[in-house]
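Letter by letter, the chains look like this.
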Amino acid sequence: MKILLAALLAVLPAAKAYAGLDAAEDEKKIVSRVVKSTVDEVLKVLQNKELSPEARRAKVMDIIEPYLDYQLMAKLTLGRKHWPDLEETKRDEFTKLFVELLKTSYFEKLDLFTDEKIEYQEPVRIGNKYDVPTKIVSKDQRIAVVYKLYNKDGLWRTYDIVIEGISLVKSYSSQYGEFLQDKPFDELLKTMRQKIADGKAKLKKK
Amino acid sequence: MRKGVLIGMAALTLCAAPAAAQEDDFAAFEAEFHAELTPQKVSDPLRGYNRLVFGFNDFVYLRIWEPSAKAYRWVFPQFFRMGVNNAFRNASGGIRFANSLLQFKFKRAGIELSRLVLNTTLGVGGLWDNAERLGIPEPPPEDFGQTLGRWGIPAGPHFVLPLLGPSNLRDSIGMVPDIFGSPFIYFLNTYESTGVRAGDYFNRSSLHIGEYSALKRDALDPYTFFRDAYEMNRKKKVKE
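So the protein sequences, as listed, match chains A and B. This note's numbering applies: residue 1 is where the first sequence begins, and numbers increase by one. This note's numbering applies: residue 1 is where the second sequence begins, and numbers increase by one.
FYI, nobody ran anything at the bench for these hints, they're computed from the structure. Keep in mind that a hint or two might mislead.
[Said to hold, decoys possible] Here are the simulated lysine to aspartate or glutamate pairs, DMTMM-like style, with alpha carbons at most 25 Å apart:
| # | chain 1 | residue 1 | chain 2 | residue 2 |
| --- | --- | --- | --- | --- |
| 1 | A | K29 | A | D153 |
| 2 | B | K107 | A | D140 |
| 3 | A | K36 | A | E65 |
| 4 | A | K200 | A | E50 |
| 5 | B | K235 | A | E122 |
| 6 | A | K129 | B | D221 |
| 7 | A | K117 | A | D40 |
| 8 | A | K190 | A | E88 |
| 9 | A | K103 | A | E187 |
| 10 | B | K70 | B | D178 |
| 11 | A | K202 | B | E211 |
| 12 | A | K103 | A | D131 |
| 13 | A | K117 | B | D221 |
| 14 | A | K139 | B | D221 |
| 15 | A | K81 | B | D221 |
| 16 | B | K216 | A | D182 |
| 17 | A | K152 | A | E88 |
| 18 | A | K183 | A | D111 |
| 19 | A | K183 | B | E132 |
| 20 | A | K200 | B | E138 |
| 21 | A | K205 | B | E132 |
| 22 | A | K90 | A | D111 |
| 23 | B | K235 | A | D115 |
| 24 | B | K70 | A | D111 |
| 25 | A | K190 | A | D69 |
No experiment lies behind these values; they were computed from the predicted model shown.
Using the sequences and the hints, build the whole thing.
Put into structure tokens, the structure is as follows:
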């Protein structure tokens, strides 16, 4: 009886480790699937010439919205230096403007998309988050785009996108940080509003 | 009295919870965004000079360089300009080969060499990238600035070069040996080979019209954006 118990106990840690490996493999598959299905869906919408540009943009937003945690991106952009000191209303306003800015700049890039192909690579686990590397292959260049995902309440969401090594969050954070070094926060909001208006005007022209 | 204390404590905890949750968020991303999350002054000792030269480069690029490249694009069809681009890329294959070797990236050096041979022969002086078609695509390009980075030399202060654009101390110094890796200086004089280099950049610009402006529009502060984008991109290049 005791021997049986001992044998079982010996096998258990190994079994647990094996189950752990399986769980990691599953996670990789899930994360891969999240990125691949989202990007593929977006591409399908972009290649649908029957829709108007506005309709296409709206559809694309619907597809990516649940998987992009832009609240977190806004928070990380301002960081510990500025975010904690802001009142709720200012935070909400900043987040709203930040999202609009991301959208207008993203939409402008979408219009440049024609027939590029996407190569998906194996996700890399970093701590409890995943990097999902992809490549946008066009006629004369390959652009490396890495989606960085983390898990919130069971859902995998993107908190940063790194294009050819350039992190979206880091580049915004640096610019906003330097801006706020000598100018007040309200001025930042004003500049953001101006940028959004300019961006929207440009989109309308198309 | 006790009830009051209890309610007070509960109220405090409720207030602290969101703050704690926030701090949790920051803590969870600490490792990755350390420089961004904690108040730190960005190191840019040559900022005054850099901004000036950036402004100058911006003006020259948008008012003179790009409009000329647009005219060039209008005259010459894309396959011609791609051919020229391929030929120039091929000609600098020696530099990539040498730098791959210096970084002990032997497989990469081998690929660069085979591409050089294939494209110079089958591709008629590199006009066509047949190596890519045969399944040997270009690996991440290596230059001497990256070699120095691999050897552990830090990037040094950000440093905008007149006309050439953003750079840093290490990469600027690294440009010098690479000039000797280019075939042109061996049969052209200094002015001619500079002209050839300029021709290479000009042709390349014609293939990327509008991109600079698009990126600039997105940025709140273009100088900061291009500075950081350059440095982040170089870090990635040194790593790969």
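The hints, checked one at a time:
Straight-line distance between C-alpha atoms of K29/A and D153/A comes to about 18 Å, which keeps the hinted pair within the 25 Å bound. Simply put, K107/B and D140/A have alpha-carbon atoms about 23 Å apart, close enough for the 25 Å limit, and the pair holds. At roughly 15 Å between alpha-carbon atoms, K36/A and E65/A fall within 25 Å of each other, so this suggested pair holds. Distance check on the hinted pair: K200/A and E50/A sit about 22 Å apart at the alpha-carbon level, within 25 Å; holds.
A threshold of 25 Å between alpha carbons decides the hint, and for K235/B with E122/A the separation of about 21 Å falls inside it, so the pair holds. For the given pair, K129/A sits about 30 Å from D221/B by alpha-carbon distance, which is inconsistent with the 25 Å threshold. For the proposed pair K117/A and D40/A, the alpha carbon gap of about 10 Å is at most 25 Å, so the pair holds. Proposed proximity of K190/A and E88/A is supported: the alpha carbons are some 18 Å apart, at most 25 Å.
Proposed proximity of K103/A and E187/A is supported: the alpha carbons are some 21 Å apart, at most 25 Å. At roughly 29 Å between alpha-carbon atoms, K70/B and D178/B are farther apart than 25 Å, so this suggested pair is violated. Of the supplied pair hints, the one linking K202/A and E211/B holds, its CA atoms being roughly 15 Å apart against a limit of 25 Å. With a CA separation close to 22 Å, the supplied pair K103/A and D131/A stays within the 25 Å bound.
As the CA atoms of K117/A and D221/B are separated by approximately 32 Å, the hinted pair breaks the 25 Å bound. Proposed proximity of K139/A and D221/B is contradicted: the alpha carbons are some 31 Å apart, above 25 Å. Between K81/A and D221/B, the direct Cα distance comes to roughly 19 Å. Compliance with the 25 Å bound is thereby established for this hinted pair. Distance check on the hinted pair: K216/B and D182/A sit about 21 Å apart at the alpha-carbon level, within 25 Å; holds.
Between the alpha carbons of K152/A and E88/A the distance comes to roughly 22 Å, so the proposed pair stays at or under 25 Å and holds. Among the hinted pairs, K183/A with D111/A is inconsistent with the structure: their alpha-carbon atoms are about 34 Å apart, more than 25 Å. This hinted pair does not check out: K183/A and E132/B have alpha carbons roughly 50 Å apart, beyond 25 Å. In summary, the hint linking K200/A to E138/B is not supported, as the alpha carbons are separated by about 38 Å, beyond the 25 Å threshold.
Our distance criterion of 25 Å between C-alpha atoms is broken by K205/A and E132/B, whose separation comes to about 38 Å. Between K90/A and D111/A the CA atoms are separated by roughly 32 Å; this puts the pair beyond 25 Å, and the hint is violated. Straight-line distance between C-alpha atoms of K235/B and D115/A comes to about 30 Å, which puts the hinted pair past the 25 Å bound. For a cut-off of 25 Å, the pair hint linking K70/B to D111/A stands: about 20 Å separates their Cα positions.
Annotation: proposed proximity of K190/A to D69/A holds, straight-line Cα distance about 24 Å (limit 25 Å).
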